[in-house]
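Listed below are the residues making up each chain.
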Amino acid sequence: MSVLTERSAAEIARDVNARKLSAREVVDATLAHVDAIDAEVGAYLTPLHDLARATASRVDERVAHGERLPLAGVPLAVKDNMCLVGTRTTCASKILERWSAPYTATAVQRMLDAGCVPIGKTNLDEFAMGSSCENSALGVTRNPFDLTRVPGGSSGGSAAAVAAREATIGLGSDTGGSIREPGAFCNLIGFKPTYGRVSRYGLIAFASSLDQIGPLTRSVEDAALAFDAMGGHDPMDGTSIDRALEPTATALREDLRGLRVGIVREFALDALGPEMAAVYERAYADLKALGATLVDVSLPTAEHGLATYYLIAPAECSSNLARFDGVRYGLRVDGPDVNAMYERTRAAGFGAEVKRRILIGTYALSSGYYDAYYVRAQKARTLIARDFADAFAGCDLIACPATSCPPFAIGAVSDPYSMYLMDYYTIPMSLAGIPALSVPCGWVSEGGTPLPIGLQLAAPHFAEGLLLGAAHAYERATEHASKHTPRAGAPA
Amino acid sequence: MPIDVRYVAKLARIELTDEEVERFGAQLAELLEHVKTLNSLDVAAVAATAQVVESRNVMRDDAPRASLDRETVLEQAPQRQGAFVRVPRIIAE
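Protein chains in written order, with this note's numbering: chain X, 41 to 532; chain S, 585 to 677.
It is possible that part of the hints are untrue.
[Said to hold, decoys possible] To give an idea of the interface, some chain S residues facing chain X are shown, with a C-beta separation under 8 Å as derived from the structure:
hint : residue
1    : Val589
2    : Val605
3    : Glu614
4    : Val627
5    : Ala632
6    : Ser639
7    : Arg644
8    : Ala661
9    : Val669
[To be verified] Below, in silico cross-link-like pairs of lysine-lysine (BS3-like), each with a Cα-Cα straight-line distance of 30 Å or less:
hint : chain 1 : residue 1 : chain 2 : residue 2
10   : S       : Lys594    : X       : Lys134
11   : X       : Lys419    : S       : Lys594
12   : X       : Lys328    : X       : Lys523
13   : S       : Lys620    : X       : Lys419
14   : S       : Lys594    : S       : Lys620
Please keep in mind that the hints were generated in silico from the structure rather than gathered at the bench. Even for Gly, the Cβ is constructed at its ideal location relative to N, Cα and C.
All chains, full assembly: derive it from the sequences and hints.
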């Protein structure tokens with residue numbers, strides 16, 4: 041165990057660039073820590089010791105040649121639905137268990153260009169469909185703050201890795217909450233940028249109109265550094281936004297003076313139980329104490345977010361996952377004819393949740409039901425986006441819960457619909473395509489174990505700088521994240 | 585409304601066991617019950633979302649450029665024959 045693993049990305053990059061510290065030292069310490077604790081945490085599906093050491097040495101050479109890298113030597117955990125050339129990329133699915141990526145995702149490449157060192161590929165709910173990592177076909181990931189509980193999902197492996205100090209920045213993808221919910225469950229910043237801000241090239245698609253890559257970090261400053269490195273236009277992704285990216289890491293705020301923060305009338309805190317409600321009441325009061333004006337806003341259609349999402353996302357998934365057919369790559373199970381081969385391959389290759397969503401989506405898109413389900417959901421989506429536009433006419437940011445409960449015990453939620461409810465507060469922002477993050481805002485106790493809770497902040501399209509700036513002021517003033525250390529990976 | 589799960593699975597090219605047909609059928613019916621709440625929204629005058637942020641059609645120059653190496657791609661194929669991916673017979677003899 042080394043205190044190097046405790047350092048922020050900002051601190052590591054500063055010292056590596058100043059040649060007070062080598063990337064190799066940081067990475068060796070991180071790999072040693074992974075070797076010591078990952079059997080317990082299960083964050084990584086594929087650790088990349090050799091690649092990590094070679095990349096770290098290369099970073100040290102670049103720095104020695106006078107390059108200044110914004111993330112020099114920073115250990116990076118990559119969710120295993122993002123391609124990294126020459127490494128196994130599985131989506132935690134049997135259908136891709138032995139697939140090796142022939143190219144690298146833009147977001148991953150930009151992080152490497154900025155000086156990051158890939159420590160490994162992390163676990164997820166299969167094809168990013170889930171809220172606990174329990175839908176992984178390839179392994180169990182545990183919450184570093186309580187090893188009997190889930191880390192959240194679907195980016196649970198990246199969240200657990202960063203929380204347990206097995207990486208400094210984690211890359212996640214968020215379709216309905218898959219960065220923000222594990223961020224909240226693992227005492228991290230979980231940041232989903234505006235749809236289209238970060239290229240999806242090389243991110244294996246789940247629901248293309250919703251998917252967005254973002255960072256999981258232990259500080260807002262690190263999230264901003266990661267976003268500045270990976271964001272911006274990419275000609276390889278037709279939905280990537282061609283719009284200048286203002287640096288966010290240099291524009292962090294220390295207070296919230298002059299900002300109007302909207303509190304959503306429809307998200308009544310008493311639904312969360314007294315302990316969590318008290319955490320959020322306190323969080324809203326802290327925002328006010330930092331100089332924000334709290335204003336009442338209404339999102340009348342947000343309660344329909346879950347229903348809207350569970351038609352649109354499965355519809356897109358049923359189309360995207362049609363490519364896994366046993367022909368060109370991945371698993372193939374033979375059959376007497378080509379249809380039998382498709383059907384057996386997909387039966388053996390996909391887990392229950394993926395099958396469920398493909399079936400829902402296929403049904404919602406099928407002849408006779410398309411207008412009643414898919415088109416109606418896309419219209420509801422318009423109303424939800426309009427709600428946010430109306431709300432932002434009267435406020436600069438929205439504050440609300442990130443989750444409706446603290447991290448739950450592994451195996452405790454077995455009913456699919458109950459699991460879908462985990463994303464109740466995060467889905468509306470995804471449907472509207474707006475940037476949102478979760479930031480640690482307190483702890484609740486269950487069975488004597490302190491469990492982290494996250495506050496969700498959301499901003500209008502492209503207002504990432506304002507969002508991260510405000511989260512930074514809140515984080516600095518409250519310091520909730522540092523009140524407890526993870527049981528796994530605590531400094532010796 | 586009952587869902588013909590076997591028919592939907594056929595469209596999706598997924599073989600299901602009898603147990604899965606029963607289990608998924610019940611779960612899909614439950615989900616469709618929940619999404620019925622959307623019927624309470626008045627969407628008569630609402631346009632369906634096509635995109636959530638400003639985006640335009642993207643064109644690129646029709647110019648040749650390097651693609652993935654053929655061998656790298658073929659190495660991933662479950663079955664290959666020379667420079668081809670091998671698949672079960674599609675056209676009857």
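Results of checking the hints against the structure:
Look at valine 589(S): its Cβ gets to within about 7 Å of chain X, closer than 8 Å, so that hint holds up. Restraint check, valine 605(S) versus chain X: the minimum CB separation of about 10 Å is more than 8 Å; hint violated. Given the 8 Å rule on beta carbons, the hint for glutamate 614(S) holds: about 6 Å separates it from the nearest Cβ of chain X. With a least beta-carbon distance of about 4 Å to chain X, the hint placing valine 627(S) at the interface is held under the 8 Å criterion.
Satisfaction of the interface hint for alanine 632(S) is found here, the shortest Cβ-Cβ separation to chain X being roughly 4 Å, below the 8 Å cut-off. Taking 8 Å as the C-beta contact cut-off toward chain X, the hint placing serine 639(S) at the interface holds, the least distance being around 6 Å. Checking arginine 644(S) against chain X by beta carbon gives a least distance of about 7 Å; that is within 8 Å, so the hint holds. A cut of 8 Å between beta carbons decides the hint on alanine 661(S): the least distance to chain X is about 6 Å, and the hint holds.
A hinted interface residue such as valine 669(S) counts as satisfied when its beta carbon comes closer than 8 Å to some beta carbon of chain X; here the least separation is about 6 Å, so the hint holds. At roughly 21 Å between alpha-carbon atoms, lysine 594(S) and lysine 134(X) fall within 30 Å of each other, so this suggested pair holds. Distance check on the hinted pair: lysine 419(X) and lysine 594(S) sit about 28 Å apart at the alpha-carbon level, within 30 Å; holds. Restraint check: the Cα-Cα separation between lysine 328(X) and lysine 523(X) comes to about 22 Å, which is no more than 30 Å; the hinted pair holds.
A C-alpha spacing of about 14 Å is found between lysine 620(S) and lysine 419(X), which places the hinted pair at or below 30 Å, so the restraint holds. For the hint pairing lysine 594(S) with lysine 620(S), the CA-to-CA distance comes to about 25 Å; that is within 30 Å, so the pair holds.
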